[in-house]
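Starting from the known structure of chain A, fit chain B onto it as the hints suggest.
Number of protein chains: 2
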Amino acid sequence: MFKSVICSVGTSAAKNLSGIPPSALENWVLEQGGIDTASEVMFNSFKDKEPSDENLARYLSAEIHSLVRIGIDKGSRILLLASETIDGQACALALKKYLESYWKGIDVQTKKIEGLQVQNADRFRQQGVINFIKEAIAEIDCHGNNVILNPTGGYKALVPYMVLLGMIKSVKCNYIFERSTSLLELPPLPIEFDRNQFEVHKELFEQIERDSSISKQDWGDKVSYEDRSWFEPLVEEMGDNQITLSAAGFLFLEAMQKPAKKLVSYLSKQAIKDCFENIATLDNRDPFRYLNQVSKSGLNEDNVHIHTDGLYWLKPGRTTDRYLVSTEDWRLLVWRVIREDQVGKDYSTKIKVDPAKERNEYAPFMRMDFVT
Amino acid sequence: MFKSVICSVGTSAAKNLSGIPPSALENWVLEQGGIDTASEVMFNSFKDKEPSDENLARYLSAEIHSLVRIGIDKGSRILLLASETIDGQACALALKKYLESYWKGIDVQTKKIEGLQVQNADRFRQQGVINFIKEAIAEIDCHGNNVILNPTGGYKALVPYMVLLGMIKSVKCNYIFERSTSLLELPPLPIEFDRNQFEVHKELFEQIERDSSISKQDWGDKVSYEDRSWFEPLVEEMGDNQITLSAAGFLFLEAMQKPAKKLVSYLSKQAIKDCFENIATLDNRDPFRYLNQVSKSGLNEDNVHIHTDGLYWLKPGRTTDRYLVSTEDWRLLVWRVIREDQVGKDYSTKIKVDPAKERNEYAPFMRMDFVT
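Chains A and B are the protein sequences, given in the same order. The first sequence lines up with residues 1 to 372 when you count with this note's numbering. The second sequence lines up with residues 1 to 372 when you count with this note's numbering.
No lab work stands behind these hints: they were computed from the structure. These figures come from a predicted structure and were not determined experimentally. Among the clues, some could well be false.
Which copy is meant is left open, so a pair is good if it fits within one copy or across any two.
With a Cα cut of at most 35 Å, we get these calculated DSBU-like pairs of lysine-lysine [as the list claims (entries may be wrong)]:
1) LYS15 with LYS3
2) LYS49 with LYS202
3) LYS134 with LYS296
4) LYS262 with LYS172
5) LYS111 with LYS172
6) LYS49 with LYS172
7) LYS296 with LYS172
8) LYS172 with LYS3
9) LYS47 with LYS222
10) LYS202 with LYS261
11) LYS112 with LYS47
12) LYS222 with LYS3
13) LYS273 with LYS345
14) LYS216 with LYS3
15) LYS258 with LYS3
Bound conformation, chain A alone (with noise of 0.2 Å):
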């Protein structure tokens, strides 16, 4: 399977350079000239050791050891996310030669992420952290499920949030440490977020997005003290009287605005009464199955039979219940359930709503997540 690796990148590939400790790696890459020449002495310090057991154990870096143990092959795609630090990108820049070098074809590609560095943690969270996300989220846009999140090399306290990176953007983790020679692997987590509760202030998060902050003032105005406790953790002051966005929220914003992976069912007043009133009495039929499983793969023309002025009728299968909905960002809003055995087989001619009008009669949708 094609694999996409998003690595956070170390000072692990320095480590055949005799005795050079890591805080006179900076130093040591400006007496080379620079980035591009230090970066080649690195190479020629590894580019002998092939990757195998032994050389990994003592002489290779973090990044590739655990490269190797994830099974990249040249079809791979690496991507090597540096500090912004001169020892970090020349490390990078080592690694992608030495990739390229064993696995002929490889596409690797190396990013220095602005605001990554261990000096300063205000620059660290409100710019490292944010663009290392930003590059990540990028990668994952476009290699999805293929996507291995690699926390291997590079700093520890980039760790939680490509931990945090994982889960909202449901993409696994997998690392290991240089002592160990196996493979941790940290599943994406079926954990979620109060979708509901988040859009309360969606348009302020746009906008602190927008302006890069808003003052304290502003949010204390707008953000109502009951809803304080949930939306704190998502921002974060600067030093100025001034409120930006935390990893976490600009995470949080980022799933809001993308087209929802998974939809969330809610159930109109009439479905409701449809559901447990008709059809889950009946043998064999289970609605809410259905719908979850509709929810997981979205509408598609397996699923959707009529389609007219945004709505949709469900067919599952050889069954005759129907499923009137339509869908609302992240929502999936069911209007109707009808069995065709009842209604007739111009069921989508007899049974019309009218979304804009009609919306009122069939309100409140309430979630499909119920108790009996």
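For chain B alone, coordinates are given in the frame of chain A:
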């Protein structure tokens, strides 16, 4: 404010023992005659370094540096969770001696975590991480919101699990790394998992926890194909065709078994009508906001007005709306919502519900999450 800090412990307390690389530390401990004497020698190597800014950055360990930035005092409690390696334990003991000598009276506990090591990834995940989480949860159960998780020291591979623990248990993570002097703070995020979905196989998870594992065959038989993708990250395969709980599975199960910190409101058929067709149409009354408040605070003498036979009448301050509710594990079931000005002062005798006998008339209870 009282602080209880849970620290993963690494080996940076040994950094003043000149000439001993991390890989040789285990042997060094043996040469000293064991953990106790080694910890004393190690303590002597930094006991004279007061926790000043310069010493924190240069001579003192990652754990001490981060604890000072977290702002501990004599009244704090520090739980040092060490790996099962003798060098890890020697470091933890040396840290304890230091903390006790500079913060007289501080409560410092060290614990050896079986399975926490980096040679064997399976043992790390299946024993080390789970045992670490158990110790941390016991601490969180005692000290709740005062707990801070501090992954500054210790294995990088443990960081993702500490982040996950913080999210599920709503505890913040604070950490620092050696080259910076400021603290990074990861607040508890408003993230949740679908408890209704987990409940489908809660008993199976309890069985796995009780018996340590079940056969793959048994898992395949009991968890339907549709449910599998949701549940799979919560278990992991062991070598011998057995399935055991993953760290996430352990955390989810634990969260389900504890009395819920926050209830989730579910409205009966009748309560949906009561709310939307009656109460919510009144000026200044928002039954949903009120129920959200109750969900957060739980039932208590401030909101419960009358209590009979497992049912509670809730009264929000000086208003006329009254809520007939019961609790079921983590759910707040709302049976009726009425207005005293319509029903009369003797509403609790007029409106009677027998939860056992009349449940069918009130069900389904739909989660209070809707769109109008």
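How the hints compare with the structure:
Taking the closest pair of Cα atoms, LYS15 and LYS3 come within 35 Å of each other only inside a single copy of the chain (27 Å); across copies the shortest separation is 39 Å, beyond that limit. For a Cα distance limit of 35 Å, the shortest separation of LYS49 from LYS202 qualifies neither inside one copy, at 52 Å, nor across copies, at 50 Å. Proximity of LYS134 to LYS296 under the C-alpha cut-off of 35 Å is found in both arrangements, the shortest distances being 25 Å within a copy and 34 Å between copies. For the homomeric pair LYS262 and LYS172, the shortest alpha-carbon distances inside one copy (17 Å) and between copies (29 Å) are both at most 35 Å.
Both within a single protomer and between protomers do LYS111 and LYS172 lie at most 35 Å apart by alpha-carbon distance, with minima of 21 Å and 31 Å respectively. For a Cα distance limit of 35 Å, the shortest separation of LYS49 from LYS172 inside one copy, 29 Å, qualifies, whereas the shortest one across copies, 43 Å, does not. Within a single copy, LYS296 and LYS172 get their C-alpha atoms as close as 18 Å, and across copies as close as 32 Å, so both meet the 35 Å cut-off. With identical chains, the CA atoms of LYS172 and LYS3 are at most 35 Å apart both within one copy (12 Å) and between copies (34 Å).
Neither within a single protomer nor between protomers do LYS47 and LYS222 lie at most 35 Å apart by alpha-carbon distance, with minima of 57 Å and 51 Å respectively. In the homo-oligomer, the alpha carbons of LYS202 and LYS261 lie at most 35 Å apart both inside one protomer (18 Å) and across protomers (27 Å), since each shortest distance falls under that limit. Taking identical chains as interchangeable, the C-alpha atoms of LYS112 and LYS47 lie at most 35 Å apart only when both belong to the same chain, with a minimum of 23 Å there against 41 Å between chains. Within a single copy, LYS222 and LYS3 get their C-alpha atoms only as close as 44 Å, which misses the 35 Å cut-off; across copies the closest is 32 Å, which meets it.
For the homomeric pair LYS273 and LYS345, the shortest alpha-carbon distances inside one copy (21 Å) and between copies (33 Å) are both at most 35 Å. In the homo-oligomer, the alpha carbons of LYS216 and LYS3 lie at most 35 Å apart only across protomers (28 Å), although the nearest pairing inside one protomer, at 43 Å, exceeds that limit. Proximity of LYS258 to LYS3 under the C-alpha cut-off of 35 Å is restricted to the intra-copy arrangement: shortest distance 23 Å within a copy versus 40 Å between copies.
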